[in-house]
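Go by the hints and put chain Z onto chain U.
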Amino acid sequence: MPKDTGIGAATKRREDVRFLTGRGQYTDDIQTQGECAAVFARSTVANGKIKSIDTSAAAAMPGVLAILTGEDFAEVGGNPAGWLINSRDGTPMHEPKRPVLAHGKVRHVGDAYAAVIAETVQQARDAVEAIEADIEELPAIVDMKDALAADHYVHDEIGTNQCFDWGWIEDNRAATDEAIKNAHHVTTLELVNNRLVPNAMEPRCSIGHYNPGTDEYILHTTSQNPHLTRLLISAFVMGIPENKLTVIAPDVGGGFGSKIYHYGEEALVLAAAKKLGRTVKWTADRTEAFLTDAHGRDHVTKIELAMDEEGNFLAFRTETMANVGAYLSNFSTATPTFLHGTLMAGNYTVPLVYVNVKAVFTNTAPVDAYRGAGRPEATYSLERVIDKAAREIGMDPIELRRKNFVKPDQYPFASAAGLEYDSGNYDALMDQMEKVADKAAFEARRKESEAKGLLRGFGVNAYIEACGIAPSNLVGVLGSRVGLYDAATVRVNATGNLSVMVGAHSHGQGHETVFPQVVGEMLGIDPQSIDIVHGDTSKIPFGMGTYGSRSLAVCGSAVVRATEKIINKAKKIAAHMLEASDADIELKDGVFSVAGTDKSVSFGEVALKAYIPHNFPLEDIEPGLEETAFYDPANFTYPSGAYCCEVEVDPETGKVRVDRMTAVDDFGNVINPMVVTGQVHGGLGQGIGQALVENTTYDENGQLLSASYMDYTMPRADDLPFYIVDHSKGNPCTHNPLGVKGCGEAGAIGSPPTVVNAVIDALQSGGKNVTHIDMPMTPHRVWSAMNNA
Amino acid sequence: MTKVTMTVNGKSVSGDVEGRTLLSSFLREDLRLTGTHIGCDTSQCGACVVHVNGEAIKACTMFAVEADGTEVGTIEGQANADGSLNVIQQAFQDHHGLQCGFCTPGMVMTAAALLKDNPKPSETEIREYLEGNICRCTGYHNIVKAIMAASGQDVSAIAAE
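If you're matching them up, the sequences are chains U and Z in order.
For the first sequence, position 288 (counting from the first letter as 1) is numbered 288 according to this note's numbering, and the numbering increases by one without interruption.
Counting from 1 along the second sequence, just add 789 to a position and that's the residue number in this note's numbering.
Treat the hints with caution; some may be incorrect.
Unchecked claim - Quick partial rundown of chain U residues pointing at chain Z, CB under 10 Å, derived from the structure: (1) I169; (2) A200; (3) V675; (4) I688.
Think of the hints as simulated: they come from the structure by calculation, not from any bench.
Yeah, the Cβ is synthetic: ideal placement off N, Cα and C, and Gly gets one too.
Only chain U is shown next, with the shape it has when bound in the complex (with noise of 0.2 Å):
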């Protein structure tokens, strides 16, 4: 019977109400009287040297009430990068200044230079067409080869457009390309992982709110961290202390990634509500978002995979070029290096891994994390590559995976490429994979496509991740410029009802919902009874925020520490209420009691007392109670997965449908099982999104063309099938409290490769010898590789 409350419970999102009734409050939502409105000038080219900026004939226009540039904010600090990462040489990597605004160079389509105040939104878009930028345009880098071998930069200052070359593991690199050297079989693959942009549906929006009488700030921003959002304002960019700096994040309209990191324009709403008095609001259009959102992807891989004469692996090596686009964005760093090369050892006992990456400046928007930020890119190049091998061999795909998975009793594993694997079966997922696939019936379906005179394909992939991000000693150690744990208090008020303040920010993922049900379960009251406050940096106590599949495993983990608190105090409480020792006093469903006596106290008589504290222990025991707690994680959590995909393939178009899509993932314990589903969907929507249809285009001038919804395919309703998704086969994390371990980005890692070895598969039983496809699959793409082989 599967429970209706607590933990394991598919309990209803309370938030959903307030969203379905038109009553959710997104940044762009708040109006505050008297404020005035912020639009930007940006560039129309993607590398110019700005000559000059009159802005008299714009400051004259109706409703102009104040014009920034670049030479403003030129003795304010630059946007940083978070993660400092060595080339293989020992030397540091190149971090060129980020400026709030453009100054001096504008370096990519979008990059912003000005910025009119004005009392509308509509006098300050008039007003930037009437700034006369002179701006000198200079050849556009926009390739990553071209960019490595040019002689003119996209930040003149650091001469070269390479900001690192790095190796891991370095120690490893010789006996790799001996491997290589000596193997049986050598399976080579060239791949590009695209390009893609976010696209959370609500655009960025920042409302900078200045108070003269006691120089405080308060910014409203789309931000799925707050608190790293004020650091990064306070300690690196603009200098404002942070106890005069509040920073809310509302409900935020979905973020993926593209919400974590520091805007320039959260800079600039700050500072033209200093100098005018004014609440100053920008809000990004879809276009905006296109040209400035930090996009996600874009490497460029060569992956080799060398096996023995059975088809155990003997070695992964890569080189990728990763574009960094024109400017570091907060974790563009990592992303590439820790989130990436870390994983390239996947599912398997392969004893040998090197990975090189080369990250590329280029007169683009910044690349920083998008949904699984790193993993994905590790995952399509291992389970593309090892489909290749397999038919090369002559090997069921499956097959050839099994033989080289991790066992379950060689947990914690020590992969080839770092991590310390602490649980996970591979091989249970991917017989549950088959099972709730039904892959035995596949012959039988490819049969019935055939009839309708279309190719279908099966495709697999398995995968692991690591989420719950991150154990600080480890980070700090790898380049990290922050702490990765997070934050929660835990306040029983009075009545006996909660709120627990915690550092995790919700933007979709039901927090609000889920974090009750922890700690219901733990004190064992209704759930309804604990609100959780999230967002806001007054009210919360200092927590990293929501990314990197890590709110239930870091901050969760924080939440269920400080209820572990409560209790201890609570019992303390109890046992003096009681006139028994406190080892004597359990707590069961709500009620505190003397062991093997009748006598109790309910929860609510214990928050009374603790807050009319008469006849109070108080040389022992403060009034209050009221416990916060920080979690930093020991190791990071490895969500691990079996996906299959099926395809049907038109030989006339080349246009692909995807029929079936089947994800098995090991997420450890599940709290909310109807959430955890939902994560997943998201992401199989976004992972057979990148597979078939998303690309972000600049042509050889460094102009978007992919710049609206008229021209970024999303995927539509009509794109995408029903999923099967399957989340029974946990194996809980050996080290968190709660044995979770994240399922935010699982779907959009797992699905891609998936995807494209399902297509291959439908040509190659089509008789076509097409051994690679790059994603997106368009039907062209297809049709022409089936009309090429």
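Here is chain Z on its own, set in the frame of chain U:
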């Protein structure tokens, strides 16, 4: 400025608007009905779908002056008279048909228009009808399922919780 008058969610409202003011802006900024969302500039995303004289319309494709004299329905007016969720809204909650909630008002308004014309749509019909509404969170699975459920169809055979 032009004076416009219309009935929104059963109440007569009026305001002075510029010729270029979109219905979506009028609803959000003048009437403070911020449940109608703006997700794009090209009438592609569907987050701003409202009902105008009973038809589903993207509010960003219409000037406020064009809506003069019409009956407009927005997400704020969809709940039952007692404030409880209507059948479609309830199905979205029951089947986890929303995550971040940003596209949700447009999805609910579009679903209402579909079910008015086609009370028992097939999966394929629902997916085709939703072509003008983009969701980035759900992969559409639970939206399609919720709309089928709202139309009284048995969705128990469709995978997952």
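Results of checking the hints against the structure:
no.	hint	in the structure
1	I169	36 Å, violated
2	A200	6 Å, holds
3	V675	7 Å, holds
4	I688	8 Å, holds
When each numbered hint is compared with the structure, a violation occurs for hint 1 only.
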